[in-house]
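Peer 1: Let the sequences and hints guide you as you build the complete structure.
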Amino acid sequence: MSEAPTIDNQEAEQVHAVAIRFAGDSGDGMQLAGARFTDASAIFGNDLSTLANFPAEIRAPAGTLPGVSSFQVHIADRDILTPGDQPDVLVAMNPAALKANIADLAPAGIIIVNTDAFDERNLTRAGYATSPIEDGSLDAYRVLKVPMEDLTKRALEGSGVKGRDALRSKNFFAVGLMTWMFQRPLEPTLEWIASKFAKEPDIKAANELAFRAGFNLGETTEMFRHTYRVEPARLPAGTYTNVTGNQALAWGIMAAGQAARLPVFYASYPITPASDILHELARHRNFGVRTFQAEDEIAAAGAALGASFAGHLGVTGTSGPGLALKSETISLALMTELPLLIIDVQRGGPSTGLPTKTEQADLLMAMYGRHGESPLPIVAISTPADAFEAVIEAARIAIKYMTPVILLSDGYIGTSTEPWRLPDLAALPDISVPFAIAPNGPEATFLPYLRDAKTQARPWAVPGTPGLEHRLGGLEKDGTGNVSYAPDNHERMTLLREGKVKGIAADIPDVLVDADEGAEVLVLGWGSSYGAILAGVRRVRAAGKKVARIHLRHLNPFPANLGAVLAGYRRILVPELNRGQLVRMVRSEFLVDAISYPKVQGQPFKAAEIEAKLLEII
Amino acid sequence: MTTEARYTRADFQTDQEVRWCPGCGDYTILASVQNFMADLGVDREKIVFVSGIGCAARFPYYMNTYGLHAIHGRAPAIASGLAVARPELSVWVVSGDGDSMSIGGNHLIHALRRNINLKILVFNNQIYGLTKGQYSPTSEMGKRTKSSPAGSIDFPFNPVSLALGAEATFVARTIDMDRTHTTEILKQAYQHRGSAFVEIYQNCNVFNDKAFAALTGKDERDQNRINLVHGEKVLFGPDRERGVIIDGGTARIVDVADAGIDAIHTHDATAPSAGPAYALSRLSHGPFGPTPVGVFRAVDRPVYEETLQQQIHDAQAKRGPGDLAELIASAGTWTVPDHDERELPAHS
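Sequences listed follow chains X and W, in order.
So the first sequence is residues 1 to 618, counted in this note's numbering.
So the second sequence is residues 1001 to 1348, counted in this note's numbering.
In case anyone wonders, no lab produced these hints; they're calculated from the structure.
The beta-carbon is built from N, C-alpha and C at its ideal position, and this holds for glycine as well.
Incorrect hints may have been included.
[Said to hold, decoys possible] Stretches of chain X that chain W covers, calculated by requiring three or more beta carbons in the stretch to come under 8 Å of a beta carbon on chain W:
id	segment
1	274 to 287
2	290 to 297
3	469 to 479
[Claimed, not checked] A few chain W residues facing chain X, derived, Cβ under 8 Å:
id	residue
4	S1080
5	H1107
6	G1320
Peer 2: Below, the structure is given as structure tokens:
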């Protein structure tokens, strides 16, 4: 919030932006609470950005620091780009949640604590010798103490839901209280509860009672007289919805199928944080979407490739460890020159690493992580809503150039939300490519590797087409498709495959530079750091400095003008959530002395970090 | 099967030079399959052969149908995607003992349990041929090869037992040299709805010659070959003087004269329980003595891709064909009205 609130003010105070973090035990329903508050804010019309942070364990030991789950939402009356560097408000459902999050809270921020959870046992589990809400250690903050469990239980008296079951509704109590504090509409949450629990009337009633009790407590208690208003944002006119990256990606896959006039076949093996794409697509059988939960990552890639051979839009989604397993099949797709869309929702690695945290450290694996000379196109998603268009672009390239394409997302994009102006589906590009239906060789033969002069793509002839029976395979072949081990032929074919991918540079837009006149420093980003970089750049500009910015959609091949653009700047900063991967690629490709700004903490960049780094080098 | 002579074997041959070693059992199997396909009369363009890696995996190059020579062990996975996407196709997987039971073991068992309409032919020669003679997952214990100079210490798989354990709905065994029997098994596999697992004993005359001599040798075959015929007593021997009884879940070989003909097991490939078929598969753990061939099991179970199609059909009947715009808007929307395009202050 812009200024420190004062308690005397009984009017709703208008603030431009506020970041609220809901934190509790992983069994406390904090992701749900955050999502409800977010949806109400979205429907109210704020711009927003969210960040989910949850443990890899389904239920880590209750009350402990590793078990803390949190959801941060940044709401504003204007265009915002990040979930907020620091929360202004922390809702702490237990001592561990307070301890795990207090360091992030803005100076003089507000803490709303569930005092019922601050008993001896929970304090000990969280490692507090004395209660922080009693010992004065939080004096620098404004602490609002609420016995949420007791109040929830009392609100549910007579509802038929009691005891431990009643306590499960306390997240809705918290949402209700925040709904009051930030003057959100009640209807979106009530409607959601009514529809979600339509078949469980007891739970529906309990959650409604708890939600209203939280709201009413705010309305009737002196402590909460001070409320805040964040007016709707002046976003570009249109109809919006709030969307996670994984959801937008799933819908984008369906849209890509329509734009390509191909049935969608999505094969996947459950893996965090990509599983939600499978879940979403599996719901839509009526669209003709085929989902296939394979026995492993390898089979998922294989089944998707088999579907591509059959003439479907074959897609497989995974995260880093799964991409490693799929590499063998990706190479086969590359060699047989079949379209295959591979989605990597990156997470912290190596190995199991940080399964629920974000990272951008699979770029070089996407680029080079296969055997043999195996170049393929790489497309990156920048924001949750951007996933929709990015996946259509990836599918376009895969089909047009008959090649596997890797689409890079990450855990932050996948699980975060932002408002998304509904796309005009009638304006989707036509990315369809006709199947081969007639012989293309002498004497009515079919030559599966006879290339299109412009794209270098081979024809896509699907089983069931009479007269085009042919054999594909992983062995090197000559131009006719026959197996060949001839030395010159292998080199020729290797160069052909390489040239086909390089040639895509002529079919993608030049990179756009967001530059101040006379700027000498350029910040080059890709993927989910889009918001933090742009926010950082805006702050640097607000401080009167000049800076230029590029955000890459295509990572292989690079846009045709990238080298020339980079050559025009004295210093190039490359912030990445890895140890410097894109920076290696641009250094080797363009021989520029780019500066790496790496971060590997499992968390996105903060705008302040980008701002500080830029101010340091400008 | 159609009777019109629409195709001949030549229609299924390609212009590729067949590159197996002279004398390899694969030639015989290829001839059997090509003849079978010609007789079957299914549109050539609707047939797809998918293979992994190994000697057997060259098969698609020699079949004038659609084909994909893929990755070691992965053929069942790739073929699964193909068959699920396009249920009208006739999809065949050609594999070997290493391809299907070692590197591809996982894909094999899952394709079988799902009952996807794949016809999986495993050319079992009990040796790695393409890599020149290492022991395979079906090689017998003690086998001396380049990678087991002191004798293999790996206990082998019994492929039929494995397939039955993997919930396969169709399990059969045949022998490369017996083309009539092979053709009959192929026919039954084709007619089966769902996954069909066919083990074909295949002689590798270079690295494991005469591995199946007990079943193919002139002097031994009559003693050892147990033909399983649905609905018939399991009898074998030159004068059908020996038979199989199943007692307490275990199959045993007896002299018919001792046990009496009534005690001899009557083979029922359609039995709801896989128990009797499994018991029969345990009569030999390799083709070294009396060994059953034929269809062990052929039962009905829903076919994966048919059920999936049904789900799509039902969902469309209930909810319509799906409107993406409606779906995207379904999570709740709000509208921002037109307003003056005021320059907003920078903020994050």
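Peer 1: A separate judgement is required for each hint: does it hold in the structure or not?
Peer 2: Taking the hints in turn, this is what the structure says about them:
no. : hint       : verdict
1   : 274 to 287 : holds (count 4)
2   : 290 to 297 : holds (count 5)
3   : 469 to 479 : holds (count 7)
4   : S1080      : holds, 5 Å
5   : H1107      : holds, 5 Å
6   : G1320      : holds, 6 Å
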